[in-house]
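Asks: The hints should help you fit chain B onto chain A, whose structure is shown.
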Amino acid sequence: MSTPVIDLQNGAVAIAGRPILRGIDLSVGSGEFVALMGANGSGKSTLVRALTGLLPLATGTLTLFGTPFGDFHDWQRVGFVPQRGGAGSGVPASVWEVVASGRLPRRRLLRPLGRQDRAAIADALDVVGLAHRARDGVTALSGGQQQRVLIARALAGEPELFFLDEPTAGVDLPNQQVLADTLETLSQRGSTIVLVAHELGPMAPLIDRAVVMRDGRIAYDGPPLASDQVATAHLDLHDHGHHHHPEPPHHDHAPHVSSPLEGGR
Amino acid sequence: MKEYLDLLGLPFMQKAIIAAVFTGLAAPAVGTYLVQRRQALMGDGIGHVAVTGVALGLLTGTSPTWTAVIVAVLGAIVIEVIRERGHTNGDVALALLFYGGLAGGVLLTGLAGQSGAYLQRYLFGSITTLSVTDLWATMVLAAVVVLVCVGLSPQLFAVAQDQEFARVAGLNIRYYNLMVAVLAALSVTIAMRTVGLLLVSALMVVPVATSQQVTRSFRTTLGAAMVLGTFASVGGLLLSAYASFHARVAPGPTIVLLALAGFVAAWPVGLWLRSRRRLRQPFPVVEAAVHDTIEEHPHEHGDDCGHVAVPHGDHVDYVHGGHRHAVHGQHYDEH
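Chains A and B are the protein sequences, given in the same order. Under the numbering used here, the first residue of the first sequence carries the number 52, and numbering increases by one thereafter. Under the numbering used here, the first residue of the second sequence carries the number -2, and numbering increases by one thereafter.
Looking at chain A on its own, in the form it has when it is part of the complex:
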């Protein structure tokens, strides 16, 4: 098998000294479409934030495209769609401008946009079906359309790996369908997709693999599940005995080497 796009071994994340994720082993191959699922507070968003480097790992090793995370600088290969209420800020910005900012990892300082940049921006707007709104202010769009703008922004950088954090939260069904079509297009182009979702909705048929988080650990990792199975996925794991990722026995009682002050608090 070729080098995995994402490889996290024994990953743990602590926020302000409080352990949130523990013992995470996750490897995602090129072209895979993985859904990270689980209840609120199960740690699925935290895991994506750790994989993109927004949160530091307390322990464990992370490699992206075969490069250890500390040496990874190829950010144009990664597209990120953060979990957000909207795409607006304190000053008006047009849809085109927001999408154009997705081109930054491929641009050099003080250089104007080239023809290739403009073509990629136009293509990204086309894929999410918002080319006709390019000149409108982004806050004039509905919540679902703003979410599509954020996806177009990630698309504009022409990445190979996408992280999407709850893109369908609070989005109506027709817009969810457009999002699903967009992701299908990306997947067919060979992109690797890691999608955080509470519910899959119209995206369910696209998923290759489901990873279910529960209380900061991976409770299930395998073929896609129906939505009513997600809540009980950790039970199935023990009942049927296909335990993909046995917990390292040393983990629970081992001192956290990276944060020696933690014990005193």
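These aren't lab readings, by the way, just hints derived from the structure by calculation. For glycine and all other residues, C-beta sits at the position ideal for the given N, C-alpha and C. Take every hint as true, because none was put in to throw you off.
Have a look at the derived ranges for each label pair, beta carbon to beta carbon:
#1 A:Q280 <-> B:H288: 39 to 45 Å
#2 B:Q327 <-> A:G82: 54 to 60 Å
#3 B:V224 <-> A:G117: 49 to 55 Å
#4 B:Q117 <-> A:P70: 55 to 61 Å
#5 B:R35 <-> A:G221: 18 to 24 Å
#6 B:I291 <-> A:S193: 28 to 34 Å
#7 A:D223 <-> B:I291: 27 to 33 Å
#8 A:E250 <-> B:V266: 39 to 45 Å
#9 B:G326 <-> A:A220: 41 to 47 Å
#10 A:Q280 <-> B:G326: 49 to 55 Å
#11 A:H183 <-> B:Q11: 47 to 53 Å
So, partial list: chain A residues that the calculated Cβ filter (under 8 Å) puts toward chain B:
#12 T103
#13 W126
#14 F131
#15 G141
#16 S152
Replies: Relative to chain A, chain B alone:
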């Protein structure tokens, strides 16, 4: 009128006009990013801290401009660090810094044996007393601020729009955040001589608030704010010079009030534009909608019938007394 033109020809007035142009361009350029980051009062905070810098210059006998630059930059960095740490009581910490800066400045001015009148030149501006060295400093600092704000606008825009996205795009956001803080500190010290430390924030924020009433994109907001800022600072200066034959009119407050007048004029236009845009938003296309038909109608709907025309899928609905009329053959459908 001849007296007025003679006044404009005097060297101190010409220096003041040049300083007003540079300040008017630079302050709203940084201000746009501050407003975008929802830190509109940051300039005000730095202004308070800079008072201590001015007083330090008095006390040590060095140029107040340069001590103000140093203290303002340090203050801006401290404010940025407090903001980045994101404590829940961050705004309280900022308030402590603001009032500490102002009180420290007044105290040090007293220690230096100067009266409040001297400090007032910095608190409310004294653009007509600029020396040639001051003018050079203003021009160089303002040029640096404008070049960075425009040249790095793609990066600064992305960082202010969405920090997390910018970080995953590989930008060093801490570096850019500090850069904005330092730029803000520089433009505070530039505008210090024009409108004064207590009114600085107005020149940074009000032109942005005015321009965003009518703009839809970031680039036009930035450009229009810089034009409006220049217009307000030069216009305010000329206006106060003209009025000075009849009464004592200080340039600083005139500039700020002129900028505010611009906002008051633009605000209703913005309201009208936004409501018009909302009315003309296309109606969503829903299949198999229930509708009634209207056989009799007093007039034919068209481009000039006075009813708002809203795109609805492949046709146009006319908004008529809370109803949506769509032409269908010889009659209207209620959509």
